[in-house]
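Colleague: Here's the letter readout for the chains.
Number of protein chains: 2
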Amino acid sequence: MAATASKTPSSLMLRNTSRKQSFLKPEPISVTLTAIRSTKPISISCSATAASATQIQDRPPFQNEQQDRVFNFAPGPATLPENVLLNAQSELYIWRGSGMSVMEMSHRGKDFLSIIRKAEADLRALLKIPENYAVLFLQGGATSQFAAVPLNLCQVDDTVDYVVTGSWGDKAFKEAQKYCKPKLIWSGKSEKYVNIPAFEGLVQSPDAKYLHICTNETIHGVEFKNYPVPKNPNGVLVADMSSNFCSKPVDVSKFGVIYAGAQKNVGPSGVTIVIIRKDLIGNAQDITPVMFDYKIHAENNSLYNTPPCYGIYMCGLVFEDLLEQGGLEEVEKKNKKKAELLYNAIDESKGFYRCPVEKSVRSLMNVPFTLEKSELEAEFIKEAAKEKMVQLKGHRSVGGMRASIYNAMPLAGVEKLVSFMKDFQARHA
Amino acid sequence: MAATASKTPSSLMLRNTSRKQSFLKPEPISVTLTAIRSTKPISISCSATAASATQIQDRPPFQNEQQDRVFNFAPGPATLPENVLLNAQSELYIWRGSGMSVMEMSHRGKDFLSIIRKAEADLRALLKIPENYAVLFLQGGATSQFAAVPLNLCQVDDTVDYVVTGSWGDKAFKEAQKYCKPKLIWSGKSEKYVNIPAFEGLVQSPDAKYLHICTNETIHGVEFKNYPVPKNPNGVLVADMSSNFCSKPVDVSKFGVIYAGAQKNVGPSGVTIVIIRKDLIGNAQDITPVMFDYKIHAENNSLYNTPPCYGIYMCGLVFEDLLEQGGLEEVEKKNKKKAELLYNAIDESKGFYRCPVEKSVRSLMNVPFTLEKSELEAEFIKEAAKEKMVQLKGHRSVGGMRASIYNAMPLAGVEKLVSFMKDFQARHA
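Protein chains in written order, with the UniProt record's numbering: chain P, 1 to 429; chain Y, 1 to 429.
Same shape as in the complex, but just chain P (with noise of 0.2 Å):
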């Protein structure tokens, strides 16, 4: 029925002259009505009904228009899905109904249980979560978790094996020695994390409680492609998957317990979530404090105290948004697809450009990269940043570029960057 402007002479062409969106209730806009062929612009005020009933403070403007998002390469917090964003901000003030924000809801209120139960479905849909593993929505980073881990899976005497690919592995394995005995079985430490050690040579301990890993380490881009069993056959593997949590399909039932902070694949900053085989709950630590006992927040339903809502939700409707795209068999396509693309431009740079990780355990999450010519860096992150591509400084202990392609990371925004370093190359080889 509508027919547009170009083709219908007659017609008026709108502009609204007020930076101001139209919210909630009806308030008058004011409008430029400009007819075509005539250079004297008409105003008049419209309005969505005949009056505006309710007199209202001014709305601030929507700072949606007339900006562009750029390309955030960013390691964590992360850039997160446009729909998934846009749909928070269409309910951010009322939630569907509800007559208040997420952030207003008690956590006990029928509207917020039926946001966490859907989100841990979703989740649990996702990653094909066996009966048998609770699932538990905290708070505190996966840094919480490395002292969470010993204190409720062993008592202080107990031994434990670490593997360290990376600085998150390191830590872990540091803060785990305040409340049991960890062994570190392996570190790439000397050759600066590039690598993840061949399974069968690992001296396991063998009566080793758990088998500590990291996924994938986001500062040095090295990831976990398959996973080694603990020798100890009542032990369990551990796993900090914080930046390649729902990156791709993960058979569950080979970990005792996998914890990832969401800021990275799946929210904002400041929900962490674990997963953990309910035979290994229940046996903590004197001393863990009441946060950090599995068992409290697995009879609670992750809700012995207000939990982090708001970042849960969200959560949620990522998930929400990963099982649309076709669950996590499409999301990894995408992801080895970005990845590659990124890897290949730096590998055909002829040294241009070069990634010190082992090809074989090669990060689709967080691929770090250096330039030959190290003077030409800062250079290169200024551009990039002019391009609208950002946040594509290396770690300071790394140094270097590193980009974070995670899931919410579209193709354009490899393929912009993969255009941008062919050109810089161009301008400076």
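Take these hints with a grain of salt, some might be off.
For chains that are exact copies, the list does not tell them apart, and a pair is met inside one copy or across any two.
[What the hints assert, rightly or not] List of simulated lysine to any residue pairs, SDA-like, C-alpha gap at most 20 Å: (1) LYS171 x SER187; (2) LYS248 x VAL290; (3) LYS181 x ASP286; (4) LYS110 x SER360.
No wet-lab data here; the hints were simulated from the structure.
Small disclaimer: the values here were computed from a predicted structure and weren't measured.
Using the hints, position chain Y against chain P.
Modeller: Frame of chain P, contents of chain Y only:
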């Protein structure tokens, strides 16, 4: 310049036929123009610019439209200021020219640093926090602080004193038993927590490292109006202020540590604020998890690991709003007025409504009350909800009703509740 429709017979009435809002980028909007004096609508298409350069997906409609906000009397998470929510909504997708949401920002980038620094500066201004106090933005709620306080302030054989005026103080006391020798020097439990002891009658331990109080008991509605002084000249007063934080001026210098979950008066859940005298930092027990060590967080300006960025941003918006209201002196006046209105309605009901709390220590924040005819309580709550006043049910451990009237509860909300109470009484007396 703008003429209204009613004054300009030749003008056109516009009605947006789509419930979708115009988001970010130029996008054609379907509009129905109805010429006044004509019954025949003319459909045309108008767009913000001549052509929509970028094809973008369908944007979700804003939930703000045609939905009423309720008055939310929940004890926390709780109602937030409307203007703060609207501001947050306006810039959720893109924050002030940054090209990204606050939820996507690196916590070490300049944009987020500006947010957290302003939040701290505004909080310091609000509470007039002296220079020799650190302000920490943490995670894990007051429940985490129940462990962190003894872990940081004393060794395992040290004595500390607890005055318990409600459930939260009791939880704090019990958690401390894991880390030191807490002494329960007063408890209101046998009287069902309706009062606060006279300070001169308290038998404090002469060597107590600290004296712990909960300044406002959310469940029982008991609030300290002034504060006891530790007997030990080297001891300090520690206060859980979760549910009356920033509701009135406080002389911070009287305290060694103040801590508060944000989700009552200053933000969403997931942020915990700790204000601590700097000389008390740095003596944590060896078993302290790194995430509970005040020294780590103070040295790293709350950025040791990824903080709950979006929650901190929301707190910052609330702090700004409280300053704009004239600071905590003005806020306290409003809170007193609201509480007085509600307590008067209860006291003047000739026993129809009853508040069990001793008058001198009644909370300005949480007002518990019962009905003489307790069989009417379910009906009261149901009818109130129909009138868009929700979350009035008392805590399961206390029963009856509870109206939480934090900073962000408008006077109109309390007026409406009081009017409803009188009406309900008239119908059921």
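Colleague: Please sort LYS110 with SER360 into within, between, both or neither, judging by C-alpha distance up to 20 Å.
Modeller: The answer is neither: 48 Å in one copy and 35 Å across copies each exceed 20 Å.
Colleague: Taking 20 Å as the upper bound on the Cα-Cα distance, should LYS248 and VAL290 be classified as within, between, both, or neither?
Modeller: Neither: 33 Å inside a chain and 31 Å across chains, both beyond 20 Å.
Colleague: If the cutoff is 20 Å on CA atoms, where do LYS171 and SER187 land: within, between, both or neither? Let me know, please.
Modeller: within (12 Å within a copy, 42 Å between copies)
Colleague: Evaluate LYS181 and ASP286 at a C-alpha cut-off of 20 Å and name the case that applies: within, between, both or neither.
Modeller: Close inside one copy (17 Å) and across copies (15 Å); limit 20 Å.
This entry does not satisfy hints 2 and 4, going by the numbered hints stated previously.
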